[in-house]
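Let chain V serve as the given structure and place chain R on it in line with the hints.
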Amino acid sequence: MTTETVGSVEASASGPTSTGSRATMILGIVTLIALGVLVLFGLILSPADESQGDSVRIMYVHVPSAMLSYAGCFLTAIGSAVYLWRKSQWWELVAYAGAEVAALFTAFTLITGMLWGRPTWGVYWVWDARLTSEALLMLLLLGYLAVRRLAADYEVRAKRAAIIGLLLVPNIIIVRQSVQWWRTLHQTPTLSLSGAEIQGLMLFSLFTGFVAITLVFIWMVIHRFRVAWLEEQLEAEGLDTAIAERRAEGVIS
Amino acid sequence: GTWPFVAAAWAVVFGGMGAYALATVMRGRRLSKQVPPEKRRWS
Chain V
1 MTTETVGSVE ASASGPTSTG SRATMILGIV TLIALGVLVL FGLILSPADE
51 SQGDSVRIMY VHVPSAMLSY AGCFLTAIGS AVYLWRKSQW WELVAYAGAE
101 VAALFTAFTL ITGMLWGRPT WGVYWVWDAR LTSEALLMLL LLGYLAVRRL
151 AADYEVRAKR AAIIGLLLVP NIIIVRQSVQ WWRTLHQTPT LSLSGAEIQG
201 LMLFSLFTGF VAITLVFIWM VIHRFRVAWL EEQLEAEGLD TAIAERRAEG
251 VIS
Chain R
254 GTWPFVAAAW AVVFGGMGAY ALATVMRGRR LSKQVPPEKR RWS
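As given, the protein sequences belong to chains V and R, one line each in that order.
Just so we're aligned: 88 in my numbering is position 88 of the first sequence, and the numbers increase by one with no gaps anywhere.
All you need for my numbering is the position in the second sequence, starting with 1, plus 253.
Okay, chain V solo, but in the shape it has when bound:
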């Protein structure tokens, strides 16, 4: 098969041969550079905290992971709402891609939080409002993904998953506000509209974490969307072939 570059997409005769494109390749290179800068500032250049010591360095991956898990949930909720309103497969696949990446970042949030909690609180896990609501968010995302992969017609599983997708928004609000509404072992936000609890290189390292992990998130959602698109095309192709074979056999007219 001959391969040539058409526009920004590496293509065979008339279609891309992978989920990559020139744009995602450039995005990938920029992302890798940003991750390198994050390692430099997060693990080497930024100082240890006066009270927490070096464990504060977990913040530079924990907080951005949490923020991006919320972003993925919002993307899923928006995609789900548009799908239910307009029956747009494009938006439904955006919601699906967002949910899978959000589940990944929610898992990162829970695991890094536990690893931060052990040296800071003395325990890996407590059932306080923040940790419990975050665990429920993870379960909701896994529920969405399970329903989305049911062995049923596309419209049936997409509609059911979209309804679960809408439920992510109130859950995120509860997760975000839990440290304000209830007394929790988890601290109140490090960054808020009223200002930051950290300064200098620590604040810059956290900012670097936001930039780098946001770039990773965008790259992942683009690729996962394209994979989902290909999966649906393959399924539709299989259905068309099955119908054509049945027609050839004279089973259906």
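Treat the hints loosely; a few may be bogus.
Pulled a few chain V residues facing chain R out of the computed Cβ check, cut under 10 Å [what the hints assert, rightly or not]:
no., residue
1, Arg-148
2, Val-216
3, Glu-231
If you're looking for bench data, these hints aren't it; they were derived computationally from the structure.
Here a beta-carbon is modelled for each residue, glycine too, at the ideal position from N, C-alpha and C.
Same frame as chain V, but now just chain R:
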């Protein structure tokens, strides 16, 4: 000190991101070979 926890947390995030990215790209390459060219346009 706390470095083992820091190293573990960063390894989870970087390792998880790398593994997911690689798995997604490989899946995309495999699917691209199965889907007819005219149906591979996703935009």
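Here is how each hint holds up against the structure:
no.: 1; hint: Arg-148; result: violated (16 Å)
no.: 2; hint: Val-216; result: holds (6 Å)
no.: 3; hint: Glu-231; result: holds (6 Å)
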